[in-house]
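Undergrad: Sequence order for the protein chains is L and W.
full-length UniProt numbering applies: residue 1 is where the first sequence begins, and numbers increase by one.
full-length UniProt numbering applies: residue 1 is where the second sequence begins, and numbers increase by one.
Read the hints as simulated data drawn from the structure, not as lab findings.
Some hints could be false.
Copies of the same chain look alike in the list, so a pair counts if it fits in one copy or across any two.
[Said to hold, decoys possible] In silico lysine-lysine, DSSO-like type, Cα no more than 30 angstroms apart, as pairs:
hint, residue 1, residue 2
1, K219, K159
2, K304, K270
3, K219, K10
4, K137, K201
5, K237, K199
6, K201, K159
7, K199, K304
8, K136, K219
9, K137, K270
Here are the chains, one letter per residue:
2 protein chains.
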Amino acid sequence: MQAIVQTEEKNTASLELQEVPTPQLQPGEVLVEVKAAGINRADLLQSQGNYPPPPGASEIFGLECAGIIVDAGDTDRQVGEEVACLLSGGAYAEYVAVPAGQLMPIPAGYSFVEAASIVEVACTVWSNIGMLAGLKKGDTFLIHGGAGGIGTFAIQMGKALGATVAVTAGSAEKLATCKELGADILINYREEDFAEVLKNKANVILDIIGAKYLGQNVKAMAPDGHMVVIGFQGGIKGELNLGLLLAKRGTISATALRSREVADKARIVKSTVENIWPLLEDGTISHHIDHTLPLAEAGAALMKLEEGSVTGKLVLEV
Amino acid sequence: MQAIVQTEEKNTASLELQEVPTPQLQPGEVLVEVKAAGINRADLLQSQGNYPPPPGASEIFGLECAGIIVDAGDTDRQVGEEVACLLSGGAYAEYVAVPAGQLMPIPAGYSFVEAASIVEVACTVWSNIGMLAGLKKGDTFLIHGGAGGIGTFAIQMGKALGATVAVTAGSAEKLATCKELGADILINYREEDFAEVLKNKANVILDIIGAKYLGQNVKAMAPDGHMVVIGFQGGIKGELNLGLLLAKRGTISATALRSREVADKARIVKSTVENIWPLLEDGTISHHIDHTLPLAEAGAALMKLEEGSVTGKLVLEV
Numbered sequence: 001m002q003a004i005v006q007t008e009e010k011n012t013a014s015l016e017l018q019e020v021p022t023p024q025l026q027p028g029e030v031l032v033e034v035k036a037a038g039i040n041r042a043d044l045l046q047s048q049g050n051y052p053p054p055p056g057a058s059e060i061f062g063l064e065c066a067g068i069i070v071d072a073g074d075t076d077r078q079v080g081e082e083v084a085c086l087l088s089g090g091a092y093a094e095y096v097a098v099p100a101g102q103l104m105p106i107p108a109g110y111s112f113v114e115a116a117s118i119v120e121v122a123c124t125v126w127s128n129i130g131m132l133a134g135l136k137k138g139d140t141f142l143i144h145g146g147a148g149g150i151g152t153f154a155i156q157m158g159k160a161l162g163a164t165v166a167v168t169a170g171s172a173e174k175l176a177t178c179k180e181l182g183a184d185i186l187i188n189y190r191e192e193d194f195a196e197v198l199k200n201k202a203n204v205i206l207d208i209i210g211a212k213y214l215g216q217n218v219k220a221m222a223p224d225g226h227m228v229v230i231g232f233q234g235g236i237k238g239e240l241n242l243g244l245l246l247a248k249r250g251t252i253s254a255t256a257l258r259s260r261e262v263a264d265k266a267r268i269v270k271s272t273v274e275n276i277w278p279l280l281e282d283g284t285i286s287h288h289i290d291h292t293l294p295l296a297e298a299g300a301a302l303m304k305l306e307e308g309s310v311t312g313k314l315v316l317e318v
Numbered sequence: 001m002q003a004i005v006q007t008e009e010k011n012t013a014s015l016e017l018q019e020v021p022t023p024q025l026q027p028g029e030v031l032v033e034v035k036a037a038g039i040n041r042a043d044l045l046q047s048q049g050n051y052p053p054p055p056g057a058s059e060i061f062g063l064e065c066a067g068i069i070v071d072a073g074d075t076d077r078q079v080g081e082e083v084a085c086l087l088s089g090g091a092y093a094e095y096v097a098v099p100a101g102q103l104m105p106i107p108a109g110y111s112f113v114e115a116a117s118i119v120e121v122a123c124t125v126w127s128n129i130g131m132l133a134g135l136k137k138g139d140t141f142l143i144h145g146g147a148g149g150i151g152t153f154a155i156q157m158g159k160a161l162g163a164t165v166a167v168t169a170g171s172a173e174k175l176a177t178c179k180e181l182g183a184d185i186l187i188n189y190r191e192e193d194f195a196e197v198l199k200n201k202a203n204v205i206l207d208i209i210g211a212k213y214l215g216q217n218v219k220a221m222a223p224d225g226h227m228v229v230i231g232f233q234g235g236i237k238g239e240l241n242l243g244l245l246l247a248k249r250g251t252i253s254a255t256a257l258r259s260r261e262v263a264d265k266a267r268i269v270k271s272t273v274e275n276i277w278p279l280l281e282d283g284t285i286s287h288h289i290d291h292t293l294p295l296a297e298a299g300a301a302l303m304k305l306e307e308g309s310v311t312g313k314l315v316l317e318v
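Please construct the entire structure, taking both the sequences and the accompanying hints into account.
TA: The following block contains the structure:
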């Protein structure tokens, strides 16, 4: 099959289409013909040598796709089924092997491209905010980087769950995007200290900044609050004031999706389909695709992502 | 009524028995005639000015007691009922007002003194390890300060839940006590680094040290591990490596019992009675009372606690 291969370590520009062996199915896996593959910032990090695949995962890039089952292996799935797939790698290719528990239906009314664009963000945000932190009606939900891919999804999900949504972003334009999606409290981090604005008020915090915001996040946290760190744009080592955390009876989690075991991913995929798919299908949560590119241009797509000029999702069409 | 009053700020020696007004019942409270009041390290901290009562709580010391209901107020409890009580203050007295949700039955076979000695530790350990961290069969459970009041209870509870129990303590004698209670892995922190012994193995950690152990605790944490900090014998501010925490998909909570709202305390008390009382009644979890003193000697009792010569619980008899 054809797949994207990185020919030079840590060089994003060296991604090119090559002939490679079609994946062999392991027990419990199906073979999916990839129609579209979503591009994630994690792929860019991987191309720079900073996010190696977990043990046992495909060396091929790509954490999400949509396509058609062409070999059901030993599972009870059907050849010809159209599916969206959560992957630990392998989407930048014509075919990918997928554990059956990581298959989702295509949301009704969604194209392959649209489905491939939503899997990773939906599973990430729901598993952290719905399943782990238990965001509920009436909560105040603080989202850092509200205008990004994770942020725009999280705003809409937060509103759907009945939360008051607060966001941080770095420009009036980005905050206007957040407001359009339903955000209630808009904080320009270049002008205001979010910890002062939200002091003791944030029941749930979704954080992609890490160390730089650790102290302020604990200040912003409400009693019994829960913050979940899923990114480190502001570094990994920070000072934690456990005394203040205890005064809030607060909880801090840091999580990732890719490293989870197959059974754990299946649990998350199932809950995400149950809770989030209806919100995609009725339009409560919308998605924004910047544009699509052919598979062969994966390297160019990642470099575009690095430039920072992309405002929605990039998707590869196969 | 007679109660212990601190006559000089921050002076533990200035605790003395005085005549004070009997508490007035608020809606939902009962009046309990105190027969025995447990002594906690938190009382010592309060006498040193370091642990002020939360807003609305009694200024009188004492977080747990056992006694008899003498006024049921507007509740459906009965005058004459023997009860154990979780309090946010007020136990060092002849009478105390108690929200009905914080009343527990006296465990079958327990005296007032025994019941008064077990309330705070049972609610603390169960709420954190059972309810919050969800310790389960097969888990490895790391307890710091295994030979202390919290530790000795936690060891027995951990074994009852089917966990492998690891403890740290500072002497062979203390570790022998832990072993007698069922601890499986004994770590003398003066001789070994617990983070090396338990690297990536501890599913649940109960910590009373705080900052000093923060980095090592994250190292010791297993994938999807949960550490709960309930004390700061090693300081409050420490460096947290969020990258390592994320690699474990780990969670850190810091909690306290006293500051919780009445409804939250009622939830904890109910679950503790359901899950822990049977283990007290069948002897699975035993208690160790160092000795009892008359109420008037509360100050002397706290000073004894400060000296560090006490190996079990001190209880005041009223």
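Undergrad: Confirm or reject each hint.
TA: Okay, the hints, checked on the actual structure:
no., hint, result
1, K219 x K159, "within (23 angstroms within a copy, 37 angstroms between copies)"
2, K304 x K270, "neither (33 angstroms within a copy, 56 angstroms between copies)"
3, K219 x K10, "between (38 angstroms within a copy, 29 angstroms between copies)"
4, K137 x K201, "within (14 angstroms within a copy, 36 angstroms between copies)"
5, K237 x K199, "both (23 angstroms within a copy, 19 angstroms between copies)"
6, K201 x K159, "within (17 angstroms within a copy, 38 angstroms between copies)"
7, K199 x K304, "neither (37 angstroms within a copy, 40 angstroms between copies)"
8, K136 x K219, "within (21 angstroms within a copy, 32 angstroms between copies)"
9, K137 x K270, "both (22 angstroms within a copy, 25 angstroms between copies)"
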